[in-house]
Structure formats: C-alpha cells, structure tokens
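2 protein chains.
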Amino acid sequence: MSSSAQLLSTPIMTGAEARVQIRRGNWRKPTCGLAPDYVQGNVAILPAELAADFHRFCFNNPKPCPLLGVSEVGDPNLPKLGNDLDIRTDVPRYRVFRNGEVLDEPDDISKYWRDDLVAFVIGCSFSFEQALLQNGIGIRHIEQDSNVPMYRTSIQTTPAGMFHGPTVVSMRPMKAADAIRAIQITSRYPAVHGAPIHIGNPELIGIHDISKPDFGDPVEIRAGELPVFWACGVTPQAVVMQAKPSFCITHAPGFMLLTDLKNIDFSVF
Amino acid sequence: MSSSAQLLSTPIMTGAEARVQIRRGNWRKPTCGLAPDYVQGNVAILPAELAADFHRFCFNNPKPCPLLGVSEVGDPNLPKLGNDLDIRTDVPRYRVFRNGEVLDEPDDISKYWRDDLVAFVIGCSFSFEQALLQNGIGIRHIEQDSNVPMYRTSIQTTPAGMFHGPTVVSMRPMKAADAIRAIQITSRYPAVHGAPIHIGNPELIGIHDISKPDFGDPVEIRAGELPVFWACGVTPQAVVMQAKPSFCITHAPGFMLLTDLKNIDFSVF
Numbered sequence: 148m149s150s151s152a153q154l155l156s157t158p159i160m161t162g163a164e165a166r167v168q169i170r171r172g173n174w175r176k177p178t179c180g181l182a183p184d185y186v187q188g189n190v191a192i193l194p195a196e197l198a199a200d201f202h203r204f205c206f207n208n209p210k211p212c213p214l215l216g217v218s219e220v221g222d223p224n225l226p227k228l229g230n231d232l233d234i235r236t237d238v239p240r241y242r243v244f245r246n247g248e249v250l251d252e253p254d255d256i257s258k259y260w261r262d263d264l265v266a267f268v269i270g271c272s273f274s275f276e277q278a279l280l281q282n283g284i285g286i287r288h289i290e291q292d293s294n295v296p297m298y299r300t301s302i303q304t305t306p307a308g309m310f311h312g313p314t315v316v317s318m319r320p321m322k323a324a325d326a327i328r329a330i331q332i333t334s335r336y337p338a339v340h341g342a343p344i345h346i347g348n349p350e351l352i353g354i355h356d357i358s359k360p361d362f363g364d365p366v367e368i369r370a371g372e373l374p375v376f377w378a379c380g381v382t383p384q385a386v387v388m389q390a391k392p393s394f395c396i397t398h399a400p401g402f403m404l405l406t407d408l409k410n411i412d413f414s415v416f
Numbered sequence: 148m149s150s151s152a153q154l155l156s157t158p159i160m161t162g163a164e165a166r167v168q169i170r171r172g173n174w175r176k177p178t179c180g181l182a183p184d185y186v187q188g189n190v191a192i193l194p195a196e197l198a199a200d201f202h203r204f205c206f207n208n209p210k211p212c213p214l215l216g217v218s219e220v221g222d223p224n225l226p227k228l229g230n231d232l233d234i235r236t237d238v239p240r241y242r243v244f245r246n247g248e249v250l251d252e253p254d255d256i257s258k259y260w261r262d263d264l265v266a267f268v269i270g271c272s273f274s275f276e277q278a279l280l281q282n283g284i285g286i287r288h289i290e291q292d293s294n295v296p297m298y299r300t301s302i303q304t305t306p307a308g309m310f311h312g313p314t315v316v317s318m319r320p321m322k323a324a325d326a327i328r329a330i331q332i333t334s335r336y337p338a339v340h341g342a343p344i345h346i347g348n349p350e351l352i353g354i355h356d357i358s359k360p361d362f363g364d365p366v367e368i369r370a371g372e373l374p375v376f377w378a379c380g381v382t383p384q385a386v387v388m389q390a391k392p393s394f395c396i397t398h399a400p401g402f403m404l405l406t407d408l409k410n411i412d413f414s415v416f
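Chains as they are written, first to last, in the working numbering: chain D, 148 to 416; chain P, 148 to 416.
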C-alpha cells in the first residue's frame, strides 16, 4: 500500500497530524481539503531588515493580509500556530527567491534557513470556503477541481516601506441568494479575509477580462450568477515579488501551512 | 406658532411622545424620520375569523412579514409594543377596506372598531434604514425625498388559508461596497426584514421594468450601482387586498405605527 493510499484510508486529520505527514514527505500535493477543520496559512519569510516594513504592510492592509503569526527573528518555530510547528519543514512546497527571481522550489528549506529570517503566516480563503461548503454553497473552482481564479485590481494597497502594489482578489461566481448568504458567512471570519470587497461588474475594480485571471484558473460564470470578489492572500506574495527583495521564501501557491488553529474558532459570532 | 412648527422645534421624540402628538392630531404626515430611534410598524386589522390564517401567513413568511405584535381579540391595546398604545387612534392615517375596496381614509378608526377585530403589527424597513444611515450609507429615496420603490416579484409567498400572492420587495440602489456593508448591517436585524433577498439583475425575480415600481416612487440607479432588494412589509398588505376580506383596516402607506421598542434592541449582534 502506497503512502498516499494509506492517507486516503486515514480518517480526517488534524492540522498537527497533517504537518507530520508533510514533514515525512507523505503529502506533496496542494493542501486544499487536507485537515479541513484547521486553519491554513500563506507563508512569507523575509530577512529581518525587511520584516518591520512587511509587518506594517500587513497591518495597513488587513483584508488581503490577515496576519495569523510572526516568528521571532531566526526562530523557525511558531508555537502559537502549532506546538511542534517548524516553518522549515512543514510546508509541502516552497519557493525561494533571490532578487525577485525563483531560485528553487524545494520541499524543505532547512538549508536556506538563516538566523536573520522572520516568518509571516497570513490567513487563507480555505478557512471561509470550508464554512461556505458547510452552509451548502457550491464553490465553482472546487467543483471544477481547479485553482481559484485571482485577479490584480485597480484597488491599491496602502504601502509600507518598499512594499506596495495592487490588491489581488479571488473570485467565486454565485447566484444572488448564495452571494448574500456568502457575505453573511464570510463576515463572521474577519481574520481570514472576511466579507467580499466587491460584487458584480469586474470593470469597476479594474478587471477587464474576467475569463483571464492573473493567477489560478478561469471558472465558468453561469447565467444569473454574480462574480463575488474577496481580498486574497496572494496580495502580499505579489507585493513581495514586485518589491524584489534580496532574499525571500514563500509557500508555493496552493501548498499551504497547516496550523493547530481551528477554522471554527475564527468565527466572531 | 402652528403645531407643526412647534414639532419642528421639539427635540427628537420617543415613540411614546410621537404617539401622543399623532393622537392629538398634531402629526398627519408620513412617519419617516419621526422618533428615529424607535421601531415603526405596518398595521393590518382583520376580523377574528380571518386572524388565524393571517397569523399563519406571517409565520410562514417571516422575511416579508416579521410580526412584532398581535392584539387579543377585540382589544385595541398592544401593551408589549407601547404602554398606552391604542391602535384605534395612534396611526396618523388608516385605510378601511370592505370586500377589497377602500371605504375610507380616516385618522381615527374608533367608529370602525369591533369586538371581533385583531390587530397585527409587522416590522418595517425604517428600522434598518436608520441603521444604514448611521453607518454612512446613503439611501437614494431619502435623498430624493420620495417613497421607497417597491415591486411585485415572481417569488411566491407560502400561502395560508385565503392569503397568498407574490412577495413584494423594496429596492435601494448602492455601489457594491455599500451593498456588501448593507447586507452585513441588515443581517443584524432579522426581525425587521433582515438581509436582502436579491441583488443585481431585477429580471431574475420577475421585475421587468425597474423604472416602474408597483408601489412608491422610482429612484435613479447610477452607473456602477447594483439594485439591492429587501422583502417588504407591503407584502402582507398586498396579500390582504388581493384576498378581498369582507372587512379590514390597514395603515395608509408611509403612515406607520410608532412603538416603544427601540431599533437598537432589534440588533442581534
């Protein structure tokens, strides 16, 4: 029996159990649907000299950059996000950048770790998608088994130091009644992007061709559906890439960090 | 100094103070903006033989018919809605119907009162409009100093006995960001219509000409705005009129009952 067949037959995992599987090399796929009750995070790792600016950037832009955790300088552990969590080994795929160029896509960054690095973990839409699905709202890109479509918009982030750029949004098409319900549900999760930032006409936020996302895959928008746009955790990644810092590590898109935090605990009411 | 000039110089009234002014004949205008912190209600008064069906109709259709109070048979007082409240004198204008035809539009229904009448008071969008305004969201029909546009839709109510018919909606045009915020705010008021029931394309709910409301006045929809539709308290009135009961009294549209309930107490979070 292969490792992945073993995983398939395993009951639904906790975040901690998923991290163990990832660390052992048993999970090298996107993390969508893995440990579905647990919060997943976007990861950005920067040298300390840039960390204060990046932290301020997240603070200035809480909807696209809801910060879940920040490591101490040089410390690869984030105990508030997971007891045994090691940011060097617990993400199934990383991207290592030098001066804005991808240098490597490893599944372990131990050899790249430095004493001056600071890890930022930022909330992710998987948390609210889980809540939408539990409320019976279909999510097109999950039905299509593709990545969520994401778009650069004309909505500028509030800059901080070297970090600036457009807000990136994710889009989910829905019938009006589902869109209204989805606004209610995601409003309960302000720390994982919260309510949408736009609904309806894409042109109004600078998206000129909805069939051509800047990241992820296009999805079908059916007759009578409205496109609903959420601020997206790809925003800080896009901003970091644009700033071309001398050194930086992120997760690879879709390959997120599993935490011990439960999605349900992020519901404010 | 005229009575209305005196009223204009009066500090903002409570619901009880407004009822006294109405009862004394000092307020014969629509009640929009009167005692703005207090809940206003739609009124339907029916013979006891129809009351059980109408009560069940409201129960079956809580979004258009959020019931605030029901009188005892023949009792013109509704003490839970106001200590001194007398449904025969406290509405600034009534409509008296016989077999579905308007018989009279009096400002006092004492002479029509009967021992078999039951009064129903149903929540009204003034409650949530107050919350929208306090949150800085402009309301077009208030800016235009006109009545809210209302439309019969293809969304059927759940019938009860003789009462059946289409859901009537009120419409407020908003930019997407305001529409999202308005969905959040009105979701906090489930007992006064709550969240919208539709947003965007009017055709999808059977409204073929948005410039021609079935009740109220048309309002401008500006470029980049979405029409946002809430279930409307005119629904039970339209249903009662369509059912043509032998006898029935309602408030005249816009001339509502002031209660001692505060809008803020209807916010569930």
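Treat the hints with care, since some could be wrong.
[What the hints assert, rightly or not] Quick list of in silico lysine-lysine cross-link-like pairs, DSSO-like style, CA-CA up to 27 Å:
no. : chain 1 : residue 1 : chain 2 : residue 2
1   : P       : Lys227    : P       : Lys176
2   : D       : Lys176    : D       : Lys409
3   : D       : Lys409    : D       : Lys210
4   : D       : Lys322    : P       : Lys210
5   : D       : Lys227    : D       : Lys210
6   : D       : Lys258    : D       : Lys359
7   : D       : Lys210    : D       : Lys391
8   : P       : Lys258    : P       : Lys359
9   : P       : Lys322    : P       : Lys176
10  : D       : Lys359    : P       : Lys176
11  : P       : Lys227    : P       : Lys409
12  : P       : Lys359    : D       : Lys322
13  : D       : Lys322    : P       : Lys322
14  : P       : Lys210    : P       : Lys227
15  : D       : Lys210    : P       : Lys322
[Unchecked claim] Pulled a few chain D residues facing chain P out of the computed Cβ check, cut under 8 Å:
no. : residue
16  : Ile330
17  : Pro349
18  : Leu373
19  : Ser414
20  : Phe416
[Claimed, not checked] Just a sample of chain D residues kept apart from chain P, beta carbon distances all over 10 Å, derived:
no. : residue
21  : Glu164
22  : Pro194
23  : Leu214
24  : Asp231
25  : Val249
26  : Asp255
27  : Ser257
28  : Asp263
29  : Asp292
30  : Thr305
31  : Lys359
32  : Phe394
What the hints contain is simulated information worked out from the structure, not anything from laboratory work.
C-beta: ideal position from N, C-alpha, C; glycine also.
Taking the hints in turn, this is what the structure says about them:
no., hint, result
1, P/Lys227 x P/Lys176, "25 Å, holds"
2, D/Lys176 x D/Lys409, "21 Å, holds"
3, D/Lys409 x D/Lys210, "19 Å, holds"
4, D/Lys322 x P/Lys210, "19 Å, holds"
5, D/Lys227 x D/Lys210, "21 Å, holds"
6, D/Lys258 x D/Lys359, "37 Å, violated"
7, D/Lys210 x D/Lys391, "23 Å, holds"
8, P/Lys258 x P/Lys359, "37 Å, violated"
9, P/Lys322 x P/Lys176, "31 Å, violated"
10, D/Lys359 x P/Lys176, "55 Å, violated"
11, P/Lys227 x P/Lys409, "12 Å, holds"
12, P/Lys359 x D/Lys322, "24 Å, holds"
13, D/Lys322 x P/Lys322, "18 Å, holds"
14, P/Lys210 x P/Lys227, "21 Å, holds"
15, D/Lys210 x P/Lys322, "19 Å, holds"
16, Ile330, "5 Å, holds"
17, Pro349, "10 Å, violated"
18, Leu373, "5 Å, holds"
19, Ser414, "12 Å, violated"
20, Phe416, "5 Å, holds"
21, Glu164, "34 Å, holds"
22, Pro194, "36 Å, holds"
23, Leu214, "22 Å, holds"
24, Asp231, "36 Å, holds"
25, Val249, "35 Å, holds"
26, Asp255, "41 Å, holds"
27, Ser257, "43 Å, holds"
28, Asp263, "40 Å, holds"
29, Asp292, "28 Å, holds"
30, Thr305, "16 Å, holds"
31, Lys359, "21 Å, holds"
32, Phe394, "37 Å, holds"
Violated hints, listed in ascending order, are 6, 8, 9, 10, 17, 19; each of the other numbered hints is respected by the structure.
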